[in-house]
Structure formats: structure tokens, C-alpha cells
Amino acid sequence: MATLSPAILKHAKNFPFNFTVNLLDGGFFGMALGFASFSTILPLFVSNLTDSAILIGLIPAIHVVGWQLPQLFTAHRVSQQKRYKPMVMKFTIYERLPFLGLAIVSWFIPQIGPSIALSLTFALLVWQGIGGGLAATPWQSMIGKIIPQERWGVFFGFQSSVGNLFASVGAVLAGLVLENNPSNTGFTTCFLLAVAAFVISYIAIGLTREEETPPVGGGIEKAAYWKDIRSIWKRDANFRWFVVVRILAQLGTVGFAFYTVYVVKFYGVDEFTAGVLTMVLLVAQTIFNPLLGWLGDHWSRRGVMAIGMGAAALSAGIATWATSVNWFYLAYATAGISYVAIWTIAISMTLEFGETHEKPAYIGLANTLIAPTAFLIPLLAGWLADSVGYQATFLATAIGAAATMIVLGFIMHDVPKPEVVVT
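Take the sequence shown: its letters are residues 19 to 441, numbered as in the numbering used here.
Bear in mind the hints are in silico, worked out from the structure with no lab data behind them.
On a predicted model such as this, the values are computed, not experimentally measured, just so you know.
Here a beta-carbon is modelled for each residue, glycine too, at the ideal position from N, C-alpha and C.
It is possible that some hints are incorrect.
[As the list claims (entries may be wrong)] Computed cross-link-like contacts, PhoX-like style, restricted to lysine-lysine with a CA-CA straight-line distance of at most 25 Å:
1) Lys-100 - Lys-245
2) Lys-108 - Lys-240
3) Lys-240 - Lys-103
4) Lys-163 - Lys-240
5) Lys-163 - Lys-103
6) Lys-163 - Lys-31
7) Lys-240 - Lys-252
8) Lys-100 - Lys-31
9) Lys-108 - Lys-163
10) Lys-163 - Lys-100
11) Lys-31 - Lys-103
12) Lys-100 - Lys-240
[Unchecked claim] What follows is a list of derived Cβ distance ranges for each label pair:
13) Glu-168 - Phe-91: 29 to 39 Å
14) Leu-118 - Trp-244: 32 to 42 Å
15) Pro-434 - Lys-283: 44 to 54 Å
16) Leu-397 - Ala-242: 48 to 58 Å
17) Thr-203 - Glu-239: 50 to 60 Å
18) Pro-166 - Gln-129: 48 to 58 Å
19) Phe-91 - Pro-166: 23 to 33 Å
Can you build the whole structure from these sequences, using the hints too?
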């Protein structure tokens, strides 16, 4: 049975303030991603530069891989920090600044041409993804420190909910901007609005109160750290299955990135309708993030993730056999529920594993190990869409989601929750 130390009690005093400012960070970060969504706005922007479904499918893949790949390699440095916030503030700049570059590229497309614009766009997306990955481990470690464990699900749920609510506003406004400015001016405006929202988000996270504590790594050398990494992987079978779940979940959600391009190409919907569909997805996330986060805290995060992957299978199945664009409102809604599983619930589950001094390593392992498939699966999905058809990609997505449910339901088990008492 764990006992709350005076230091932890001091953290608890700052909890309401930290909860609030980090909700604001998530809200305006979400609004920025509504203006420059990786699932709608950026694919539409790139589709004006190329017809390749493979390249379009790479957009969310680059974002995810960039976020995941660096995490294991920054974990040792993170474990040596007395405060995580300075690392967060330094590295998160690099995941925000590239959107200013996208605005510049969009504005100068008539002068530089689509080929150069396409190359610059992907270079900026790689920069953005890696910047997010450098900030990811210190950010997750900071949140795990300033938010009590029994409230992780609620916090991530509410932060994601507020982020998605703000993002839905950004998505609708982006749709209106693009409808009234069909040229590159519309995309330039969207990217600049995203930059403005990122600035407000940065100010909010900068207000976080984090107490200085002894480094959880205890001055461990890099050689010993990598030895511990190997030991964790060998001894923790449940964690290994969790990594398998996260890989399968990539397959179980990969088709969602093609929904917008599919409905635009095959049903002829306009940009405003595409924005409304994005809003449906974000509203679903807004509603279910706090609900499923709370349910995960009080019941089972593994069980909630299984529910989310069931929603993913349903969404992909609807997209596969849809006979009109109206079916996609339901497909987007259920996709929104599944995104709760692969983000809000998965990130809370990652923080459950290991002792305090091991958590940066677990965070790094849980993300870096799935980075290669996060790149390859969308690439294969794009190839499948190009060579066979979008329905084949949607069907493969449904199968992947069902496989993820099976592992969650019959192979993985819940990580025991520690009892915490105040003395």
C-alpha cells in the first residue's frame, strides 16, 4: 500500500490549477489542429498537389511516426530531469513552428509550382512530427507527475474532449474559409489561424506549476539504462501484448485517413460538407473522451479500449458497404469513439506500467517500438487503395480492429491499480 509523501501532497495542491491550464493547452492545441487537420485539411491541401493516395496516406503516418520514434531515445534524458516542463517548452516549439512554414509554402505555390510545394510540405510535416516526438516523453512524464494516477483517465479524457470541441470549431471555420477562398489563399489562412491557436496553447502550458523533485532515473548511466530497457521487455509479457495491441490498432484505424478524400472523390461533396463530417468526428470524441476516460479509471482501461476498437470495426464496416454519403456521418461518429481508445485510453494505459523510475522507459518503449508499423501500415493502405480500391482498405481496417479486440479481450490483462492513502 502506497503512502502520500509531503511532496505529493504539495503536487495535489497545484492539481486544480494544473488541470485548468493544461485543459486550455489542449483546447487551443486542438483548435490549431482543427484549422490544419491531419485527417481532412492537410490531405485536401496535398490532394491539390498530387493524386497519389500513397502520399496522402503518408500525412497522418508521418505525424504519428514522428511523434513515436524519438521517445525511447529521449527517455534517459527525461529520467534525469528534476523538472520536465523546461524540456516540454523547448521541444514543443518544433511541433508548432512548421505550420507557419506551411502557410508560406501555400502562399507561394503559384511561384514555386506544385512539385516543389509538395516536397517542402512533406519536409515540414517530418519536422513537425519529430518535434512532437521530442516533446512527447517529457510531456507525458510531466502529466504523470502533476496529475494523480487515479485521475489520469479523467484528465486525458477532458483534455481531449476540450481539444476536440475547440478543434470542431476550427474545422468548421476552416471549411468556411476554404469554401469562400478556393485558391491557395484559403489554405494559407487556415495555417495562419493554426499558428495563432498554437501560440495561445504554448502560453497556457507555460503556466503549469511543477515542483522540483529528485530525478526518477537516479543518475543511472546510459549503458545501465539500455540494459534496464532490455530487462523490461523480457520480463513484462503483459506489456509486450500491449505493444502488439497498439500495432494492431494502427491497422484497425488506418482507413479513417482516407474517408475525406473518398467522399470528395466518389460522392462529390464540397469542402464545407467535408468540414461538417470532421466536426461529427470531433463532437463524438468530445462526448466520449470524458465518459470513457472516467469509465477507464473506475472499471478497466483495457475493457474501454476494446469497446473503442469495436467502434473502429463498425466504422470501417460502414465505410466499406456504404451506399450513400449519409452513411459516413455514422462512420465518422464511430471513428471518433475509436480515436478515444487509441489516444486517451492508450496513453493512460502506458502510464500504468512499471515503477516510478521505469515510467520514462515504458513510455519510450510503448511508442518507439510501434513507429515502424505506424509508417508502413498507412503506406500499404495507400497502395491498397490505389491498386484495389478504397473499400479494400476499409475492409482491412475492420479486420485489424476486430483482431485488436480479440487480443484485448482474451490475452491481455489489467495492470493492478495501487492503493493510495493519505497519512
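Verify the proposed pairing of Lys-100 with Lys-240, using a straight-line Cα cut of 25 Å.
-> holds (17 Å)
Between Lys-108 and Lys-163, does the CA-CA distance stay at or below 25 Å?
-> At roughly 19 Å apart (the allowed maximum being 25 Å), Lys-163 and Lys-108 satisfy the hint.
Okay, Phe-91 versus Pro-166 on CB: inside 23 to 33 Å?
-> With Cβ atoms ~29 Å apart, the hint holds.
Would you check the hint for Lys-100 and Lys-245, treating anything up to 25 Å between C-alpha atoms as holding?
-> holds (23 Å)
Quick one: are Pro-434 and Lys-283 within 44 to 54 Å, going by C-beta?
-> holds (49 Å)
With a cut-off of 25 Å on the C-alpha distance, tell me whether Lys-240 and Lys-103 pass.
-> holds (22 Å)
Would the pair Lys-108 and Lys-240 pass a check requiring their Cα atoms to be no farther apart than 25 Å?
-> holds (22 Å)
Are the Cα positions of Lys-240 and Lys-252 separated by 25 Å at most?
-> Holds. Lys-240 to Lys-252 sits at ~19 Å (cutoff 25 Å).
Taking 25 Å as the top limit, are the C-alpha atoms of Lys-163 and Lys-100 close enough?
-> holds (11 Å)
Can you let me know if the beta-carbon spacing of Pro-166 and Gln-129 is within 48 to 58 Å?
-> Check passed, 53 Å falls within 48 to 58 Å.
Does Lys-163 pair with Lys-31 here, judged by a C-alpha cut-off of 25 Å?
-> It holds: about 13 Å lies between the C-alpha atoms, which stays within 25 Å.
Decide if the proposed pair is consistent with the structure: Lys-100 and Lys-31, CA atoms, cutoff 25 Å inclusive.
-> holds (19 Å)
In summary, the structure is inconsistent with hint 16 from the numbered list given earlier, while agreeing with all the others.
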